[in-house]
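There are 2 protein chains.
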Amino acid sequence: MVVSTPETPARSGRRAGPSTTRDDIRRAARELFASGGFDKTTMRAVATRAGVDVALVPYYFGNKRGLFLAAMELPIDPAELVAAAARGPREGLGLRLATGFLTTWDSPESGPALQGFLRSAVVDDYAARAFGEFTSRTMLPLIAAEAGISEDTARVLSSMLFGVATMRYVLAAPAFTRASTQEMIDVYGPRVQAVIDAD
Amino acid sequence: MVVSTPETPARSGRRAGPSTTRDDIRRAARELFASGGFDKTTMRAVATRAGVDVALVPYYFGNKRGLFLAAMELPIDPAELVAAAARGPREGLGLRLATGFLTTWDSPESGPALQGFLRSAVVDDYAARAFGEFTSRTMLPLIAAEAGISEDTARVLSSMLFGVATMRYVLAAPAFTRASTQEMIDVYGPRVQAVIDAD
Numbered sequence: 001m002v003v004s005t006p007e008t009p010a011r012s013g014r015r016a017g018p019s020t021t022r023d024d025i026r027r028a029a030r031e032l033f034a035s036g037g038f039d040k041t042t043m044r045a046v047a048t049r050a051g052v053d054v055a056l057v058p059y060y061f062g063n064k065r066g067l068f069l070a071a072m073e074l075p076i077d078p079a080e081l082v083a084a085a086a087r088g089p090r091e092g093l094g095l096r097l098a099t100g101f102l103t104t105w106d107s108p109e110s111g112p113a114l115q116g117f118l119r120s121a122v123v124d125d126y127a128a129r130a131f132g133e134f135t136s137r138t139m140l141p142l143i144a145a146e147a148g149i150s151e152d153t154a155r156v157l158s159s160m161l162f163g164v165a166t167m168r169y170v171l172a173a174p175a176f177t178r179a180s181t182q183e184m185i186d187v188y189g190p191r192v193q194a195v196i197d198a199d
Numbered sequence: 001m002v003v004s005t006p007e008t009p010a011r012s013g014r015r016a017g018p019s020t021t022r023d024d025i026r027r028a029a030r031e032l033f034a035s036g037g038f039d040k041t042t043m044r045a046v047a048t049r050a051g052v053d054v055a056l057v058p059y060y061f062g063n064k065r066g067l068f069l070a071a072m073e074l075p076i077d078p079a080e081l082v083a084a085a086a087r088g089p090r091e092g093l094g095l096r097l098a099t100g101f102l103t104t105w106d107s108p109e110s111g112p113a114l115q116g117f118l119r120s121a122v123v124d125d126y127a128a129r130a131f132g133e134f135t136s137r138t139m140l141p142l143i144a145a146e147a148g149i150s151e152d153t154a155r156v157l158s159s160m161l162f163g164v165a166t167m168r169y170v171l172a173a174p175a176f177t178r179a180s181t182q183e184m185i186d187v188y189g190p191r192v193q194a195v196i197d198a199d
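First to last, the protein sequences are chains H and Y. 1 is the number of the first residue of the first sequence in the UniProt record's numbering; add one for each residue after it. 1 is the number of the first residue of the second sequence in the UniProt record's numbering; add one for each residue after it.
Chain H with its partners taken away, still in its complex shape (with noise of 0.2 Å):
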């Protein structure tokens, strides 16, 4: 046990405060979400497992959706990036899109934790599951509404997308690893559009 003094804060007091709430609901979330999916798993439920009132799950994290993205650790987040993209004229969507997605991706402050997530997804079972859920019933609708499209073809740009990510992240295939993140944009945009202009 740690002994309260001064000059070592004691566990039990860092625990009472607010961060600290925030990171049990947060580790709570994500075992929860690991043993049971993201479908089943409901925010009473976390808040009870971190032994919280339930009202302080939406306070801190706003939603499921929100709260998935935190126990997570994903530093950003995906329909924020597609509202962002969908601001703008219907003809340059695929490129804005493209452009988002890649630079993201790419960038050194969230490339890694992104990178980081979707190997974990890729190779973990539960980390699969839950993520498999949490795309299917929460990301496509959303991706649908933010960017206009149908829920059918915003799950062919997001299984594009995907298979880039891990082409390019997990598989490292020298076709998707040589290019520079210019040069994928190139490349996708123009067909992400064609997809688009296809709905």
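Worth flagging that the hints you see were computed from the coordinates, not collected in a lab. Please read all numbers here as calculations on a predicted model, not as lab measurements.
Computed spacing ranges between beta-carbons, pair by pair:
no.	chain 1	residue 1	chain 2	residue 2	range
1	H	Ser19	Y	Glu91	56 to 66 Å
2	Y	Ala84	H	Ser110	38 to 48 Å
3	Y	Ala83	H	Glu73	38 to 48 Å
4	Y	Gly88	H	Ala83	37 to 47 Å
5	H	Glu183	Y	Ser120	27 to 37 Å
6	H	Gly36	Y	Pro75	28 to 38 Å
7	H	Ala83	Y	Arg87	37 to 47 Å
Just so it is clear, CB atoms sit at the ideal spot from N, CA and C, and this is done for glycine as well.
Position chain Y relative to chain H; hints supplied.
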């Protein structure tokens, strides 16, 4: 040690036969592809490791691509699938590609082996490297040539279909598993065609 009698054929006896030579080469190839990747593994090195004459490798497997497919126990040759889809009018190529791809992956005969391969390709670092190099060096140029499309478009299409396969068979994302083969074909066919038409 197994003693050779008419009732129990000796292992050493079987190893001298042609079908065992084939297996020896395949085993040696699998080990070398796993440790050295696709690019650096030569047919000569595989022959040396298997202890066979170098001429026997092309005799049994044609070329390095055929050797890789056999070593990885892939039940189909993706290039043949593309070549078959390429026959017919170009405006139906997207639908034929999506149909060939999805029926093969969903079939009870070839599906399980493909899905097992994909899983190991994304999970295992060594398999990932060999598969990524294999795709980059031999599959993309071949797909481009067979389908009459640019390598950039072949790259986009392969990431699109690889993304579907990973979502459907590795992550088992509900948005990709709850659809039947035909529904998937209906969603992907026109959108694969849109990417081809943008070429």
